[in-house]
Every structure is written in C-alpha cells, then in structure tokens.
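So the protein lines, in turn, are chains A and B.
With the first letter of the first sequence counted as 1, position 41 gets the number 41 in our numbering; the numbers rise by one all the way through.
With the first letter of the second sequence counted as 1, position 83 gets the number 83 in our numbering; the numbers rise by one all the way through.
Hints listed in this document are in silico derivations from the structure and should not be mistaken for laboratory results.
In this text, a Cβ means the ideal position worked out from N, Cα and C, and glycines have one as well.
Honestly, I wouldn't trust all of these hints.
[As the list claims (entries may be wrong)] Cβ-Cβ distance ranges computed for the label pairs, FRET-style: (1) A:Glu18 to B:Asn2: 48 to 54 Å; (2) A:Arg113 to B:Val45: 41 to 47 Å; (3) A:Lys68 to B:Gly16: 48 to 54 Å.
[As the list claims (entries may be wrong)] Subject to a maximum C-alpha distance of 25 Å in a straight line, what follows is the list of computed SDA-like cross-link-like pairs (lysine to any residue): (4) B:Lys1 to A:Pro61; (5) A:Lys24 to B:Ser46; (6) B:Lys57 to B:Asn2; (7) B:Lys57 to A:Glu105; (8) B:Lys57 to A:Lys24; (9) A:Lys68 to B:Arg42; (10) B:Lys1 to A:Met39; (11) B:Lys1 to A:Glu105; (12) B:Lys1 to B:Lys17.
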Amino acid sequence: DAGVIQSPRHEVTEMGQEVTLRCKPISGHDYLFWYRQTMMRGLELLIYFNNNVPIDDSGMPEDRFSAKMPNASFSTLKIQPSEPRDSAVYFCASSAQLAGGPINEQFFGPGTRLTVL
Amino acid sequence: KNQVEQSPQSLIILEGKNCTLQCNYTVSPFSNLRWYKQDTGRGPVSLTIMTFSENTKSNGRYTATLDADTKQSSLHITASQLSDSASYICVVSAPSGGSYIPTFGRGTSLIVHP
Numbered sequence: 001d002a003g004v005i006q007s008p009r010h011e012v013t014e015m016g017q018e019v020t021l022r023c024k025p026i027s028g029h030d031y032l033f034w035y036r037q038t039m040m041r042g043l044e045l046l047i048y049f050n051n052n053v054p055i056d057d058s059g060m061p062e063d064r065f066s067a068k069m070p071n072a073s074f075s076t077l078k079i080q081p082s083e084p085r086d087s088a089v090y091f092c093a094s095s096a097q098l099a100g101g102p103i104n105e106q107f108f109g110p111g112t113r114l115t116v117l
Numbered sequence: 001k002n003q004v005e006q007s008p009q010s011l012i013i014l015e016g017k018n019c020t021l022q023c024n025y026t027v028s029p030f031s032n033l034r035w036y037k038q039d040t041g042r043g044p045v046s047l048t049i050m051t052f053s054e055n056t057k058s059n060g061r062y063t064a065t066l067d068a069d070t071k072q073s074s075l076h077i078t079a080s081q082l083s084d085s086a087s088y089i090c091v092v093s094a095p096s097g098g099s100y101i102p103t104f105g106r107g108t109s110l111i112v113h114p
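Pulled out of the complex, with its shape left as it was, chain B reads as follows (with noise of 0.2 Å):
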C-alpha cells in the first residue's frame, strides 16, 4: 500500500532559527514529490514539485531535497518567519490511467514564535 509518512507531528520554533521537516513514502511507481503549505483555513498551496531525477530544489527561503533511492524528502525552511507557521505536506504521486494519483502525508504542523 502507498504510504507517506512525515515528522515530526509538530514543530515550534523561534522567528529566525531554520527548521527541517522530514518525509518518508513508498509509492511506487513514483512520479513527482511536492510540498505543500497550509495556512489555517486555507486550501493547500504548492511550495515545490520534484520529479525523480531533481535532488534540491528550492523556492526563496524553501529548500526540498529528494533521494528517490532512499525514498526520503525532506523541506527545510531558512530563517523563519511568523507566516510560516503553517501546516506542511509532503505528496507524492503515482502514475494512473494518464493521470498522476496523489498520496498525502499527514502533514507537519510548524508553529513559529516571535
């Protein structure tokens, strides 16, 4: 069965200090990982997207890397700000009938204190 699991549960923080998050799947086949952002009572936002062949990749103070050989993600977050508290999930998608499933992670939630 394809499965994400992600740590910690939850995560506090001071503003400024740098947090890493971490993710753990076996979906396979494997198509794309992505992390996303979920603000309180928000939809979830796409932070990034890494295919198999991608290690890093990173978007302003968001940094993902990928090791498809040891199915591990992880997203780690550089000087922290108070919007960042957030919830954050990590997907991880399967190709089907043309289309990409996704499985989701559980989410980390962060909470970041001034």
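Same shape as in the complex, but just chain A (with noise of 0.2 Å):
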C-alpha cells in the first residue's frame, strides 16, 4: 500500500480564496482525521470520519472550514474564504478499528503546505 496520499503537497494563495485539502487514506481503514499542525499550537484535531461519516467536527476553528468523505477512499478539507492564519501543515492520518481490541494506530500522509498570502 502507497500509504496514506494528500494532494497538493504545496499550496500557496491569496487571502479571500477557496482552498481545497485532499486524501486518500489507506485502503480498509475506516478511520479519517484532519490535523492541523503549526508551530505555536503543534499538533491539533480539526475533524474526524468512522466509516465516512463526520463524528467529531469540534475541532474545526470556523464555518469557513468544512470537510467531506464522500466515499472510502477520498476525503476533502475545504477553507473558503482563506485567510493568512490558515497558514499551516495539514495532516490525513487514517486507522483501522482492530478487532477486538482498542489500539489504533493512526498512519499519517506526509502534509499539505499552506500558505495564505
């Protein structure tokens, strides 16, 4: 497996215009987490999918922020309007439900770059 797929890796735009976050998460796992991650803050959950359904949204900063999983295998973070606080990395991580059992790890994708001017 390619593991866990983000696009773009790199993303610079204007402040007022939409962004689009996408992922591809590890095939069989029903697990789907958007992480933000700055220097000031780390590391923080914005929102997260069991199955393709959102379960958790409480992290997500603003109505300017939604997400979607349409399907197993594709997810999208969307910012619209942008504004240069925004800049960040955004992670994907997906996991499996382990049967029987609680542990699960999460796997990471390697980040999406954003930068809003």
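Both chains are given apart, each in its own frame, so use the hints to dock them into the complex.
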C-alpha cells in the first residue's frame, strides 16, 4: 500500500480564495482524521470520520472550514474564504479499528503545507 | 481539560549520547499513550504504544516508560544517531464513542550533532 496520500503537497494562495485539500486513506481503514500543525499550537485535531460519517468536528476552527468524505477512499478539507492565519501544515491520517482491541495506530500522510498571503 | 505537556521543548546532544524526553498528562479516562517521531517535512510515525498495564516498551534504541499513577511517561534514546534528529510527540488517547481520541503534546525538538 502507498500509505496515506495527500495533495497538493504545497499550496500558496491569496487571502479570500477557496482552498481544497485532498486525502486518500489507506485501503481498508475505517477512520480518517484531519489535523492542523503550527509552530505555536502543535498538532490539533480538526475533525474525524468513521465509515465516511463525521463523528466529531469540534476542532474545526470556524465555519470557513468544512470537510467531506463522499466515499471510503477520498476526503476533502475546504477553507473558504482563506485567511493568512490559516497558514499551516495540514495532515490527514487514517486508522483501522482492530478486532477485539482498542489500539488503533494512526498512519499519517506527508501533509499539505498551506501558505495564505 | 485533557492536556499533554512535554519537556524539554528542545534538546541538543552529541552523537552517541543518551537522552530522555518527558511527558506529563491529565487525560482521563486513559486508553493508551504513544510516542511519535516526526522528521522535518514529514508526518508523524509511531514509535511505541503503551496501555495502562504496561510500564516499559522498547523499539530498538528507543525505550518508553509509563507510570499511570503519576501520569508520566518518558522516552529514552540510547546511543543517539544523527538520524534521531526530529520532533518527538507524546500522544495520549481517551476512549470516545467506540474510538480513541488523541490529545497531542507540543513535542520535543531533538538535534543530534556529530
């Protein structure tokens, strides 16, 4: 398996523009997580899905952020309109609920470095 | 509020030396604790995982300890190598609705000099 795939790897945009980040989880994983990482705040969980259904989006900072998972192999994180303070690295991770056990390692993608000018 | 505090924030050591990173948490209820290694420009990769009943877990030159009573964990790196230069993140998970929601520490940035 190629692991978690994210695109684009780098995105530079101007304030006010719409940004869409994409993620393909590892095949067979039923959990998908979106994170944001900054120097000031470290890694923050934004939202996670189970079987394509959003379970907890309490980490989404504002209504400008939205995430979808139309099927088991694809998810998007959209920011509209984008602002300079959204500049960060956005990670997608996936995991599988292990049969009979609670331990589920998350596998992270390479991240998308977003810069909003 | 669930929190994970790591120390030191950054650390510089010489190649071949040992070092220990600390993690204190207030996450409750506790499910498991992971240490991740994050190389510059890459996503975090899991090094070790420990549950409530485990005190020590090793992965090569990495040894993690857990004291669930004091809610402290440490990651010991033996005979450091240049490739150990990275950020080390402590993550404590709590059960939530059939899954396990992680709380991340801010990480310790380790630099190993030749």
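Right, here's what the structure says about each hint:
Glu18 of chain A and Asn2 of chain B have their C-beta atoms about 33 Å apart, which leaves the hinted 48 to 54 Å range violated. Checked against the hint of 41 to 47 Å, the pair Arg113 of chain A and Val45 of chain B fails, with Cβ atoms roughly 18 Å apart. Separation of Lys68 of chain A from Gly16 of chain B is about 49 Å and conforms to the stated range, judged on CB atoms against 48 to 54 Å. For a cut-off of 25 Å, the pair hint linking Lys1 of chain B to Pro61 of chain A stands: about 18 Å separates their Cα positions.
Of the supplied pair hints, the one linking Lys24 of chain A and Ser46 of chain B holds, its CA atoms being roughly 20 Å apart against a limit of 25 Å. Proximity of Lys57 of chain B to Asn2 of chain B is assessed by CA-CA distance (about 24 Å); at most 25 Å being required, the pair is judged to hold. Taking the CA atoms of Lys57 of chain B and Glu105 of chain A, the gap is near 16 Å; set against the 25 Å cutoff, the hint holds. For the given pair, Lys57 of chain B sits about 31 Å from Lys24 of chain A by alpha-carbon distance, which is inconsistent with the 25 Å threshold.
The hinted pair formed by Lys68 of chain A and Arg42 of chain B meets the criterion: a straight-line CA distance of about 24 Å does not exceed 25 Å. Between the alpha carbons of Lys1 of chain B and Met39 of chain A the distance comes to roughly 21 Å, so the proposed pair stays at or under 25 Å and holds. For the proposed pair Lys1 of chain B and Glu105 of chain A, the alpha carbon gap of about 23 Å is at most 25 Å, so the pair holds. About 36 Å separates the Cα atoms of Lys1 of chain B and Lys17 of chain B, which puts this hinted pair outside 25 Å; it is violated.
Violation of the numbered hints given earlier is confined to hints 1, 2, 8, 12; the remaining hints are satisfied by the structure.
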